[in-house]
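J.: Residue strings, one per chain:
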Amino acid sequence: MTPRAVILEVLLRALYPLMLVVSVWILLRGHNAPGGGFIGGMIAVAATAMLAVGSGAAQAQRRMPLGPLRLAAAGVLLSLASGLPAWAVGSAYMTHLWASVPLGFTDLKVSTVMLFDLGVYAAVWGALGGLCAQVVSLDESRRGDEDAGSAAERDA
Amino acid sequence: MAVKGRGISRLGLLALIPLALAVVAAVHGHRADPIPAWILVLPWSPTLGVDLTLHIDGLALLFILLICGIGSLVFVYAAAYMAGVPDRARLFVLLLLFMLSMLGAVSTDNVIALFVFWELTSLTSFLLVGFKHEDEASRRSAQQALFVTGGGGLVLLAGLILLAEIGGAYSIRALIAGHPVWIDDPRVPVALALIFVGAFSKSAQFPFHFWLPNAMSAPTPVSAYLHSATMVKLGVYLLARLHPAFGELPMWQLTLTAVGGFTAALAMVLTLRERDLKRILAWSTVAALGTLVMLIGVPGDGAPVAAVAFLLAHALYKAPLFFVAGNIDHATGTRRIDDLAGLAPVMPWTAAAALLAGLSMAGMPLSFGFVAKDMMAIAKEGDGGFAWVGYASLFVSAVSVAVAAVAAIRVFWHRGGRRPVGVHDGGWGLIVPPLLIALLGVAFGLAPHLVDPLIRSAAHAMLPTAEIRGLVFDPTDRAVLGALALALAAGGTIYAFWDRLHAQFDRLPWLDQVSTAAIYRALVAAIPKAAAITPRLQSGSLLGYTVWLLLAVVAALAAALAAATVAWPARELPSLAVAGASALLIVAALAACLVRDSFVLLLAAGLVGFGSALLFLFLGAPDLAFTQFAVEVAFVVVIAAILLRVRRLDLVPAGAQRAWPRIAIALALAALATLLLLAAVGGPLDPALAQYFGAQAVPQAHGRNVVNVILVDFRAVDTLGEIAVVAVAFVAALPLLRLAYERARARRAPAAGEEGR
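Residue numbers (this note's numbering), protein chains in the order written: chain D, -8 to 147; chain F, 799 to 1555.
There could be a bad hint or two in this list.
[As the list claims (entries may be wrong)] Facing chain D, according to a computed beta carbon distance under 8 Å, are these residues of chain F, among others:
| # | residue |
| --- | --- |
| 1 | Ile1521 |
| 2 | Val1524 |
| 3 | Leu1535 |
Calculated directly from the structure, the hints in this document are not laboratory data. Using N, Cα and C, we set each Cβ at its ideal position, and we do this for glycine too.
Could you put together the complete structure from these sequences and hints?
T.: This is the structure:
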């Protein structure tokens, strides 16, 4: 129904997953190199915004895990919860815990910081991605208006 | 709204909560004599010096027992009274909230916490008075109660803060303990005056007395609870609580006795003008509160005991009388005393409760009211300088006797008038609460030693320096009996001539003219006039808002820069990358200034953002650059979508008209921002934080990216707050955007249907 940018839509089939992979990579490397939850989340938001322009706002929202509202809420809750294990070991809330898992060839470091950053990522993606998609949907409804506009003027 | 029937709502089970608390309080009160103070420290915001220290001494315990004891019966009564009212659950929620606020207010030791609980009681009272929110008069009364008590609370906050600053402590105990040091401070009278305004507005003292009778539009259980037994006594509580510090000040004694005495006398005069049983009781409540305030102001060892005893006596007779008024309203549908007569045969239980409560109110022997009156007589004997207090209270006693007679005798036993048809007592939920409280009022009169430890402990909290004698009196004392006889004679006369007096007072309309209620109405009427300023500032034009916002920023920046020293930085050649990014910035900014089309303008603005992101990247802030890139993308997409829609609605301003003021503001802002930057660069940079985070990032947080480590570890709680704000902003924006979307669809749908797509 609505006219779409066909080239963008085709391009996005490859670009959208790629952007998400990059965003997760940025999220994971954040602790030691430029990156982190907020930046990763913003890249995911950009991916969602592009998908909304190319393939429609509804499609963009569908392809966010949990949907925008729940994703944002889950992110905030995850960050909130990541500070709780500290209580179990008698430290102050949000004292992050670290552990090393030996994998043979290298040690994998896991920590509650990762959970916190993942929560930031999800909250930013859910809230701002959802916002972008909703705003783009306004524009979609406008495109429909163009046909209806003349009819409405006739009625008035 | 008279709902007939014997139903009682299951919500009455909520009464178990205050009942349990009352039992705990009573057990605590019996543990030892004198009652030990119970102190519990709960840190709240230690860095701000606000904690939730609970300090439960005799005075607090007396109030807790009143709040929970009468509260549990109010819940039972309300469950029966409100049976069948659709949204009664709301009333119970509000009553519970109110109860908790009251408990907090009387047990906290921190003045700020006291203020918070104080205002919470005002807010819950507002919602309870306005419970019948479809009713215009009810809403007006609720608003009035909120303005007077809530506004008074704000004045009180100023007074409490000033007091705490003078005394150097926010703990009431510490303030009282240190009062010999600060009591002579010249700012004390100011603080005291502010606290008086707060206490007087809460306890309906002149000139704030008018709100209480109007608050009678609340459902009767609420009137009985808030407006006779508990909330209105909060002002009295505060005065009693601060009495150990200020009791010796002449200003304290004179203000309290004068205002309290005058309020009591005035309220009794105004009682005579009323025909509505509930309003009559309300004015006599104002008089009782005046008497309490007056007693706190009377110097001497006997006054605190009298005040505490009267406080208890008043709660024990006024709450049942309100219940009685509610029962009459419930059964007959009216509260006008002209329409009520001879109810005793048809409502025997209610009549019995009214009679018992009336006995105590009139101060008849063998009731606790009599004990309280005795203590008051002893308190007044002690001091010659306050002899006039005795005359004021004689008048108040006489009218009290008359009011008691009206409530307990006239409506139940008076013959003549129309006999109500088909009227009967309500269910047990309507009968037991008034009877039980009124019986307590008599039981404590017969055996005062039951409450003597409580009264003594409460009085001790008001006057820690003196030896409190407690409820020591001689029931056959001639002076006491003489005063009682005089009050009974005068009260009987007033009762006999009630209708004629009423007719006389009704012919005095000037009483309405000079009342502070009229002043209040004038003040409220002035609010819409003051509101005329708002549309000038809030024009509805985005351009107008932006102008105001930027002007404020310009003013703030100019003020901040007035003291700063600005020096031109040393010249150094920028790298090629920095120069390139700067060139991009400059070109994009110039383009933004010159283009007319708003869409191109958006792209130019986006380019400015990309240019600054490049600058960040080359100047060693890759995290910031990344973020800036990503934000810029989202920004351009969102604004583009909005702009497309706004253009469609022709909301883009014509633009060309009077560009010069806007250019001037923009130039001023640019100049100030430049100066700010120069000042920031020119000044010495404190490296302490950077060094700390740089050194600690790896050992403490196991990360080499200092920026991210700060975000997720060192300042993680800040970040948590920020993402919560982002999520909440989205939740708030969602309905607005959906609304706009739905509207656009609705407009499109019929047209699309016609064309068959």
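J.: Give a verdict on every hint.
T.: Okay, the hints, checked on the actual structure:
no.: 1; hint: Ile1521; result: 4 Å, holds
no.: 2; hint: Val1524; result: 5 Å, holds
no.: 3; hint: Leu1535; result: 4 Å, holds
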